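For this one, chain A is given, so just place chains B and C on it according to the hints.
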Amino acid sequence: MNIEVRGVTKKFGRFTAVDDVSLTVPAGELVALLGPSGSGKTSLLRIIAGLEAPDAGAVLFEGEDQARRDVRHRRVGFVFQHYALFRHMTVFENVAFGLRVRPRGSRPPGVEIRAKVMDLLKLVQLDWLADRRPSELSGGQRQRVALARALAVEPKVLLLDEPFGSLDARIRQELRRWLRRLHDDIRLTSVFVTHDQEEALDVADRVVVMNHGRIEQVGAPDEVFEHPATPFVMTFLGQSATFAGRVQGGKAFLGPLAVDFPGHPHEEARPAAGYTRPHEMEVGRAENGGGGLWATLRHLSPAGAVVKLELADAEGRSFQAEVNREQHETLRARVGERLYVRPRKLRIFVEPR
Amino acid sequence: MTSATSRRRVLPGFGLTLGFTLLYLSLIVLVPLSTLALRTASMGWGSFWATVTSPRVLASYRLTFAASLGAAALNGVFGLVVAWVLARHRFPGRKIVDALVDLPFALPTAVAGIALTSLYSPNGWLGRPLEALGLKVAFTPLGIVVALTFIGLPFVVRTLQPVIEDLDVEVEEAAASLGAGRRQTFAHVILPALFPAWLTGFALAFARALGEYGSVVFIAGNMPMRTEITSLLIITKLEQYDYAGATAIAVVMLVASFLLLGAINRRQSWASRRGATA
Amino acid sequence: MRRALTEPPLVRGALLAVALVFLAIFLVMPLVAVFAQALEKGFGAYLTALREPDAWAAIRLTLLTAAITVPLNLVFGLAASWAIAKFEFPGKGTLLTLIDLPFAVSPVISGMIFVLLFGRQGLLGPFLGAHDVKVIFAFPGIVLATVFVTFPFVARELIPVMQALGNEEEEAARVLGAGGWQIFFRVTLPNVKWGVLYGVILCNARAMGEFGAVSVVSGHIRGLTNTIPLHVEILYNEYNFQAAFAVASLLAFLALVTLVVKSLIEWRARSVASREEHVREAA
Numbered sequence: 005m006n007i008e009v010r011g012v013t014k015k016f017g018r019f020t021a022v023d024d025v026s027l028t029v030p031a032g033e034l035v036a037l038l039g040p041s042g043s044g045k046t047s048l049l050r051i052i053a054g055l056e057a058p059d060a061g062a063v064l065f066e067g068e069d070q071a072r073r074d075v076r077h078r079r080v081g082f083v084f085q086h087y088a089l090f091r092h093m094t095v096f097e098n099v100a101f102g103l104r105v106r107p108r109g110s111r112p113p114g115v116e117i118r119a120k121v122m123d124l125l126k127l128v129q130l131d132w133l134a135d136r137r138p139s140e141l142s143g144g145q146r147q148r149v150a151l152a153r154a155l156a157v158e159p160k161v162l163l164l165d166e167p168f169g170s171l172d173a174r175i176r177q178e179l180r181r182w183l184r185r186l187h188d189d190i191r192l193t194s195v196f197v198t199h200d201q202e203e204a205l206d207v208a209d210r211v212v213v214m215n216h217g218r219i220e221q222v223g224a225p226d227e228v229f230e231h232p233a234t235p236f237v238m239t240f241l242g243q244s245a246t247f248a249g250r251v252q253g254g255k256a257f258l259g260p261l262a263v264d265f266p267g268h269p270h271e272e273a274r275p276a277a278g279y280t281r282p283h284e285m286e287v288g289r290a291e292n293g294g295g296g297l298w299a300t301l302r303h304l305s306p307a308g309a310v311v312k313l314e315l316a317d318a319e320g321r322s323f324q325a326e327v328n329r330e331q332h333e334t335l336r337a338r339v340g341e342r343l344y345v346r347p348r349k350l351r352i353f354v355e356p357r
Numbered sequence: 228m229t230s231a232t233s234r235r236r237v238l239p240g241f242g243l244t245l246g247f248t249l250l251y252l253s254l255i256v257l258v259p260l261s262t263l264a265l266r267t268a269s270m271g272w273g274s275f276w277a278t279v280t281s282p283r284v285l286a287s288y289r290l291t292f293a294a295s296l297g298a299a300a301l302n303g304v305f306g307l308v309v310a311w312v313l314a315r316h317r318f319p320g321r322k323i324v325d326a327l328v329d330l331p332f333a334l335p336t337a338v339a340g341i342a343l344t345s346l347y348s349p350n351g352w353l354g355r356p357l358e359a360l361g362l363k364v365a366f367t368p369l370g371i372v373v374a375l376t377f378i379g380l381p382f383v384v385r386t387l388q389p390v391i392e393d394l395d396v397e398v399e400e401a402a403a404s405l406g407a408g409r410r411q412t413f414a415h416v417i418l419p420a421l422f423p424a425w426l427t428g429f430a431l432a433f434a435r436a437l438g439e440y441g442s443v444v445f446i447a448g449n450m451p452m453r454t455e456i457t458s459l460l461i462i463t464k465l466e467q468y469d470y471a472g473a474t475a476i477a478v479v480m481l482v483a484s485f486l487l488l489g490a491i492n493r494r495q496s497w498a499s500r501r502g503a504t505a
Numbered sequence: 017m018r019r020a021l022t023e024p025p026l027v028r029g030a031l032l033a034v035a036l037v038f039l040a041i042f043l044v045m046p047l048v049a050v051f052a053q054a055l056e057k058g059f060g061a062y063l064t065a066l067r068e069p070d071a072w073a074a075i076r077l078t079l080l081t082a083a084i085t086v087p088l089n090l091v092f093g094l095a096a097s098w099a100i101a102k103f104e105f106p107g108k109g110t111l112l113t114l115i116d117l118p119f120a121v122s123p124v125i126s127g128m129i130f131v132l133l134f135g136r137q138g139l140l141g142p143f144l145g146a147h148d149v150k151v152i153f154a155f156p157g158i159v160l161a162t163v164f165v166t167f168p169f170v171a172r173e174l175i176p177v178m179q180a181l182g183n184e185e186e187e188a189a190r191v192l193g194a195g196g197w198q199i200f201f202r203v204t205l206p207n208v209k210w211g212v213l214y215g216v217i218l219c220n221a222r223a224m225g226e227f228g229a230v231s232v233v234s235g236h237i238r239g240l241t242n243t244i245p246l247h248v249e250i251l252y253n254e255y256n257f258q259a260a261f262a263v264a265s266l267l268a269f270l271a272l273v274t275l276v277v278k279s280l281i282e283w284r285a286r287s288v289a290s291r292e293e294h295v296r297e298a299a
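As given, the protein sequences belong to chains A, B and C, one line each in that order.
Under my numbering, the first residue of the first sequence carries the number 5, and numbering increases by one thereafter.
Under my numbering, the first residue of the second sequence carries the number 228, and numbering increases by one thereafter.
Under my numbering, the first residue of the third sequence carries the number 17, and numbering increases by one thereafter.
Derived by calculation from the structure, the hints in this document are not laboratory data.
There's no promise every hint is true.
[Said to hold, decoys possible] Derived DSBU-like pairs: lysine-lysine, alpha-carbon spacing no greater than 30 Å straight-line: (1) C/K209 x C/K278; (2) A/K15 x A/K160; (3) A/K349 x A/K255; (4) A/K15 x C/K108; (5) C/K209 x C/K57; (6) A/K160 x A/K120; (7) B/K363 x C/K57; (8) C/K278 x C/K108; (9) A/K312 x A/K349; (10) B/K322 x C/K278; (11) B/K322 x C/K209; (12) A/K126 x A/K160.
Owing to the predicted nature of the structure, the values given are computational and were not obtained by experimental measurement.
The following block holds chain A by itself, in its conformation from the complex (with noise of 0.2 Å):
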C-alpha cells in the first residue's frame, strides 16, 4: 500500500511546523524522515496518522483521500516515541489490546488471539516476556513490544516515531539491523522519524531530508549522501569544510580557493560556497595541479581507522580532513607545519536570489 501526502500544512498557533509537504512513499518501502529538532518531521508521522489532522493539504493511501477516516479506522501501526505500553496490563495484554477492542463481530476468538499474539512475540523474540510488566523491561525490550502491538492488528502502514530515540548506543546499533531484517520479511510500508543521519542512510531505502516544515531533499541514501540538494542536507548529512566566497565568469573564488565553475559563466558576480568532506580532501606537501590551499596543521588525532587532522587556513578558519592510515604513515605530519590541501570533491552552491 502507498501513502501520498499531498500539499499537507500544519500550523500550531503561529509556528508553522509543516508547510505546503508533498511526498509519495511506494509501497512496500521503508522511508526515514529525517531532520533536525522542530523540523516538522513528527508533526508530518502524526498527521499521515491521523494523530494530527492538517489545516490544508490530504493524506491517500493507495489513493483514497483518508481526510474523514479517523484515526481509529486507517488500520495504521503505530510505535510511539516513549512507546506508550498499556503500563497496567503485561506484555501479552497490550499486545493483544488491538485485537480485543474489535468490534463483536469482527473479534478474532480468544484462542486464535492468544495464538497471534504469541507468534507475534515470538517474532520480535519477546514470548518468554509475555507475562511481565513494561515497568520489568529494558528499553529494547519495550520497543519491541511496542511494534509487536502494532503488528497485531495487521496494519497497512507502519509508522515510528523516533523507533531507537532513547535506547543507548550499543542497543540502537542491534535494533536497527534487527528492524531493517524485519521490514525485509514482512514488506510492510513503513515511515520512521530519526534526527540521527547515521541512523536514516544504514536503515532506510529512501531517506527524506526535512528543516522549517519543508522538504529539503527525497532520495536514496547514497544519493543525498553524495548528491546533496542544498546545503543544508549536506551539512545535515556528516561533517563537511565550507569554503564561502563568489562565482563569476564562469570561475569559483572561495576564500584560498579558485576553481573552474561553468556553471555560473556570467560576468554579474553571485555569493556561494564551497563543501568538501573531510575525507575528500588531499593532504600533502606539494601542490601538485593546484586548485588547493596551504594550510597549518593544528591537531592531530592519529588513533582510529582513519586520522582526523584539524587544520587552519591563512585567515586562521579551521577545518578538517581525514586520511586513512596508510597515507597517515607515508606523509608523518607534525602539529605546526604547512601543509597542501586540496579538495577531491567540491559542491558549490550559489545563493538564490
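Coordinates of chains B and C only, in the frame set by chain A:
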C-alpha cells in the same frame, strides 16, 4: 507536540465531558452562588452598610479575624517545627505521626468541637490544670483560638513539608563549606527558601479559620459582643429569617476570603513561573 | 538519604519534643477524648446510645446522603478531568478556578446560598411553596449542600494525575482501533484508579462529616433531617455527653479509616514511583 488542538480531536468525548462539567458546575456552584450577588445587589448600599457596621457584627468580625490570625500564627511556629521534624528526622512512629497530621482534614468539625470543649472545660483533662494556673480556655476567645489552631495545622505542615524535603542539601553544604554555622545557615539559607511556602500555608490556615464554624461553636460560648464568631451570627440571622442581614455579613467574609486566596494563587503562579525560567 | 548536615543532637531532640508535644495536645488528646468519653459509662451504655432510634435515623440519613453525593461528584470529577487533562481549550484556567470555588466558600455560607435560593423567602421560595415542594429543612437541601461542599474533591485529585500521565496511551489505544468507552475503561481508568479512590475517600469523609453547611439547611428535625454530626450536636446541647460522644465516635472511627486508606494509597504511590525509577536506572 502532543497537543490535541485541531479541528478534529483524536481522543473522543470532549464535547460530552466539557458539556457535562459546565452544566454541573453551573447547577451546583454558579447558580446558587449568584443568588448571593443578586441578594446583595437588591439590598441597597445604606442598609448593607448599616448591617455590617452594627456593633454586634463589628465585634464578631474583630473576634473572627483576631482569633484566626492568632491561630494561624501559632500554626506558623509549631507547624514549621512539625514539618521540619517530619521531613528531616527519622524516628520510630514517624509514619503514624505523619498520617495523623491530616486528622483535622478527616475528623468532622462537630466531633473536633465537642472533643476540644470537653478537654478544655473547667473540669476537663486540660481545662482543670489550666484553670489552676488561672487560665480559662473554654467559653473564652482563647478557646476559639485553640479550635482554629486544630483546624489550620495541616495547611501549614502540608505546604511546608514537601518544600523542606526538596531543599537542596548541597546548598546547605555549600553554606557550611563557606564557613557558616548551622544557625547562620538556617537563618540566611533555609528560612528565606521556606518563606514563600510558609506564607502560603499561613494564609491558607488563616482563610480556613475565617469561615470555620463546627469546631468553634461548642467551645466559644457564643456570647454576643464577646465570643460570637461571624459564622454563628450569620446562622442566627438566618434563623430569624433576616436573609438580607445574613447576606450582607456573609458577603464581607466571602470577599475577604476570596482576596486572601486570590493573593495566594497569584503568588504561587508567579513563583512557579519564576521557577520555570530559573 | 544523605546526612551530611544536621542539627546538634540536643537541638534535634528539642525540636522533636516540641513537635510531638504539640501534636499530642492538639491532635491525639481530642481523638482519645472522643473514645474515652464514649466509653465512660461502659460498653453497654455505648451500644445503647448507638441503638437509639434517632441515632439510627441519623446514621441512615448520613449514609443515604453520602450514597447520592459521592457518585454524583465522582462522575463529575471523571468528566471534568477528562475534558481538562486530555484537551486544550481557551478558558481552562478559569474553569479550574471555578471548580475550586466551593473550597473558598465557608460552610455556613455554602448552606446559606441554598436557603437564599430555595428557602421560604428565597428566590424560588414562593414557587416551591405553591407546589408544596420542600427543599430547605428537608432531605434535598441536605444533599444539595453536601454536594456543593464536596464538589471539588474528586476532580481536584484526578486532574493533576491525568495531566501527569499524558495522552500517549490513549492515542495508542485509538490507533489500535479502540472506541471512546473502551479507551476510558481499559486504559485510562486502570491508570488513575488510585487517584479515583483517593478522591472518593476524601469526598466521602467530608460528605458524612459536614456540619456547618448541613446545619443551615437541615432544620434539625429529630429522626427526620438530622445527620450524624447534627445529632451529635443535639445530644451535646442536651448535656447527654456520653451519648453525644458515642455517636461522635462513629465519625472519629470513619476519620481514622480515612487516614489509614489515604496513607496506604500515598505509600503505594511512593513505592511504585521509586520502583519505576529503579527500573529506569537499571535499563
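Okay, the hints, checked on the actual structure:
1. Distance check on the hinted pair: C/K209 and C/K278 sit about 13 Å apart at the alpha-carbon level, within 30 Å; holds.
2. A distance of roughly 27 Å separates the Cα atoms of A/K15 and A/K160; the hinted pair therefore holds under the 30 Å criterion.
3. Note on A/K349 and A/K255: the hinted pairing holds, with a Cα-Cα distance of about 15 Å set against a maximum of 30 Å.
4. Between A/K15 and C/K108 the CA atoms are separated by roughly 21 Å; this keeps the pair inside 30 Å, and the hint holds.
5. For the proposed pair C/K209 and C/K57, the alpha carbon gap of about 43 Å is over 30 Å, so the pair is violated.
6. For the hint linking A/K160 to A/K120, the alpha-carbon distance of about 17 Å falls within 30 Å, and the restraint holds.
7. The straight-line distance between the Cα atoms of B/K363 and C/K57 is roughly 27 Å, inside the 30 Å bound, and the hint therefore holds.
8. At roughly 29 Å between alpha-carbon atoms, C/K278 and C/K108 fall within 30 Å of each other, so this suggested pair holds.
9. Straight-line distance between C-alpha atoms of A/K312 and A/K349 comes to about 18 Å, which keeps the hinted pair within the 30 Å bound.
10. Among the hinted pairs, B/K322 with C/K278 is consistent with the structure: their alpha-carbon atoms are about 12 Å apart, no more than 30 Å.
11. For the proposed pair B/K322 and C/K209, the alpha carbon gap of about 24 Å is at most 30 Å, so the pair holds.
12. Restraint check for A/K126 and A/K160: the C-alpha separation of about 21 Å stays at or below 30 Å, so the hint holds.
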